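Take a look at the letters that make up each chain.
Protein chains: 2
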Amino acid sequence: MSETDLLQDRLEQMRGDVELALCGALDFGDVKVAISERLIDAMRYSLLGSGKRLRPLFVLFGNILCGGNYTDAIPAACSVEMVHAYSLVHDDLPAMDDDDLRRGRLTCHKRFDEATAILVGDALLALAFEELGKLPSLEIVGICCKELANAAGATGLVGGQMDDVANEKNLNVKTEKASIDLLEQIHLRKTGALIRVALRLGAIIAKATKEQINALDEYGKNFGLAFQITDDLLDELGNEKTVGKRLHKDKEMNKWTYPALLGIKKSQDEAKKYVNNAINALNIFDNNITEKKILIKITKDLIGREK
Amino acid sequence: MSETDLLQDRLEQMRGDVELALCGALDFGDVKVAISERLIDAMRYSLLGSGKRLRPLFVLFGNILCGGNYTDAIPAACSVEMVHAYSLVHDDLPAMDDDDLRRGRLTCHKRFDEATAILVGDALLALAFEELGKLPSLEIVGICCKELANAAGATGLVGGQMDDVANEKNLNVKTEKASIDLLEQIHLRKTGALIRVALRLGAIIAKATKEQINALDEYGKNFGLAFQITDDLLDELGNEKTVGKRLHKDKEMNKWTYPALLGIKKSQDEAKKYVNNAINALNIFDNNITEKKILIKITKDLIGREK
Numbered sequence: 002m003s004e005t006d007l008l009q010d011r012l013e014q015m016r017g018d019v020e021l022a023l024c025g026a027l028d029f030g031d032v033k034v035a036i037s038e039r040l041i042d043a044m045r046y047s048l049l050g051s052g053k054r055l056r057p058l059f060v061l062f063g064n065i066l067c068g069g070n071y072t073d074a075i076p077a078a079c080s081v082e083m084v085h086a087y088s089l090v091h092d093d094l095p096a097m098d099d100d101d102l103r104r105g106r107l108t109c110h111k112r113f114d115e116a117t118a119i120l121v122g123d124a125l126l127a128l129a130f131e132e133l134g135k136l137p138s139l140e141i142v143g144i145c146c147k148e149l150a151n152a153a154g155a156t157g158l159v160g161g162q163m164d165d166v167a168n169e170k171n172l173n174v175k176t177e178k179a180s181i182d183l184l185e186q187i188h189l190r191k192t193g194a195l196i197r198v199a200l201r202l203g204a205i206i207a208k209a210t211k212e213q214i215n216a217l218d219e220y221g222k223n224f225g226l227a228f229q230i231t232d233d234l235l236d237e238l239g240n241e242k243t244v245g246k247r248l249h250k251d252k253e254m255n256k257w258t259y260p261a262l263l264g265i266k267k268s269q270d271e272a273k274k275y276v277n278n279a280i281n282a283l284n285i286f287d288n289n290i291t292e293k294k295i296l297i298k299i300t301k302d303l304i305g306r307e308k
Numbered sequence: 002m003s004e005t006d007l008l009q010d011r012l013e014q015m016r017g018d019v020e021l022a023l024c025g026a027l028d029f030g031d032v033k034v035a036i037s038e039r040l041i042d043a044m045r046y047s048l049l050g051s052g053k054r055l056r057p058l059f060v061l062f063g064n065i066l067c068g069g070n071y072t073d074a075i076p077a078a079c080s081v082e083m084v085h086a087y088s089l090v091h092d093d094l095p096a097m098d099d100d101d102l103r104r105g106r107l108t109c110h111k112r113f114d115e116a117t118a119i120l121v122g123d124a125l126l127a128l129a130f131e132e133l134g135k136l137p138s139l140e141i142v143g144i145c146c147k148e149l150a151n152a153a154g155a156t157g158l159v160g161g162q163m164d165d166v167a168n169e170k171n172l173n174v175k176t177e178k179a180s181i182d183l184l185e186q187i188h189l190r191k192t193g194a195l196i197r198v199a200l201r202l203g204a205i206i207a208k209a210t211k212e213q214i215n216a217l218d219e220y221g222k223n224f225g226l227a228f229q230i231t232d233d234l235l236d237e238l239g240n241e242k243t244v245g246k247r248l249h250k251d252k253e254m255n256k257w258t259y260p261a262l263l264g265i266k267k268s269q270d271e272a273k274k275y276v277n278n279a280i281n282a283l284n285i286f287d288n289n290i291t292e293k294k295i296l297i298k299i300t301k302d303l304i305g306r307e308k
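Those protein sequence lines, which keep their order, are chains A and B. In terms of our numbering, the numbers along the first sequence are unbroken and rise by one, the last being 308. In terms of our numbering, the numbers along the second sequence are unbroken and rise by one, the last being 308.
Don't read these hints as lab results, they were simulated from the structure. Possibly wrong hints are sitting among the right ones.
If chains are identical, the list can't say which one is meant, so a pair holds when it fits in one copy or spans any two.
[What the hints assert, rightly or not] Derived lysine-lysine pairs resembling DSSO-like cross-links, with alpha carbons at most 27 Å apart:
(1) Lys222 - Lys147
(2) Lys274 - Lys211
(3) Lys170 - Lys298
(4) Lys147 - Lys135
(5) Lys147 - Lys208
(6) Lys208 - Lys274
(7) Lys222 - Lys294
(8) Lys308 - Lys294
(9) Lys211 - Lys135
(10) Lys211 - Lys301
(11) Lys170 - Lys111
(12) Lys135 - Lys208
(13) Lys111 - Lys256
(14) Lys274 - Lys256
All values reported here derive from a predicted model rather than from experimental measurement.
Here chain A stands alone, though its shape is the one from the complex (with noise of 0.2 Å):
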């Protein structure tokens, strides 16, 4: 077996071991009541069965990464799986983004309804802490919770979504003038806060010191940045039915983007630099690990993805 086969076995494996804790979680077994089979089923659509699985991956890798033994840190890889979800189907709403695609199947809400999406959303957010309720001890539970709220919340992921939809809506009384400082606060928000959360959870969850903490955290800033400039790209220059939802939307709502600020050509060189920045904060971690060549190798991969 050569080596990127190696590498490649070791990710499916891990991503096999969050499928199936995802799986768990959503088995309501005795306590599920007749009536409430609708949103258990529009949870289970919304989790289940599709996605890349990066970030709850970046949960085991931070852990492992800082000599954790991941299974651990299972819990709150699903943890932030769910907030990742319960967040794509409230911006896929009618109100937010209206999307009817995603993933190369329908939204929630064109799914099932728009109800069923908000509360769907509303139940895999208390999930994702519930969840945290699974990992070793109450003490690491109680710094997770704080961890993870502050991530999800109005200075993380729901300010930078805020942000986002209100420059898209123009619901802002001050007109601020576009510029990339503005798109990075926002995307280190939207995007940034949970890959960086991810992988803070799987090195706090592994006891990991100061220095590998902060190193993973500037992988995760750089990472997010790199994975936005590229995940902007794609809605440029991308094939509709590899990424699996609806592109150039971006730019007929005039949204703020990278290659609408920079054009195409600097933003390719932006992402190099971040995915550059990336791999050099892990500098810290020891060569050999497995798990380190298949996070640099994820890294480099952001350069020319096509999903």
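With chain A held as given, fit chain B onto it using these hints.
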């Protein structure tokens, strides 16, 4: 000063402390970036300046009755009120109950817009868990995180709301026959879960015994049902100006309610039964505790409530 005045004074003092803490929790200080003001304004609008603060007061009552110093429990009181406020903002949305008025003021999506209201709800739910982080120890944060998430989620508040909406909008595949049992099941979650967890959190923070927690839980369960029945009665018999929202909607929408299923008189009798059960559940607590007297008064006042 008469005893009634003394009790009222104490209640106002407790309510004032909750109000102050809620204001403090929405002061983001340095992290606030200019472009996010809309979100913060809408969060303040939805959380501050109105509401009976029943649920946060229950946190404090639970805490004091179990021997706690209630200041320790104030962050949990804020958390529970944030969960309550988020659920109202989302319930009022056009895709859900489609209400224009709440507590005599425009609902969040009417005062701002739908996208903002969705995000305000999300942000308040996340903030509830961040607020728990202010509790006295990480262990207590961990326990409260699990309890609150369970009460807020698919098997609690959101589950009850889903069943309520599904029954109203005929979203179920099977046709469920309206029955008091099913109605009770919905309300035990839609209203009861948050009231019960409020009392439980207060008790847990006071390091209560199992017996004390169970007694408060039994109180909360019965109070919740009495509260819901009197709420249904208000919708039939109340004054729109005093209540501060549109009434007689239940009937228009063919909603399952206690008066619809049992008639007015029998609903009133049921409410009285639950009020008595609730008060009896408090028997294990010393009658001389001022806060027990206030709690009994609040419970009795459900009969004949005007808002």
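Structure-inconsistent hints, enumerated in ascending order:
3, 6
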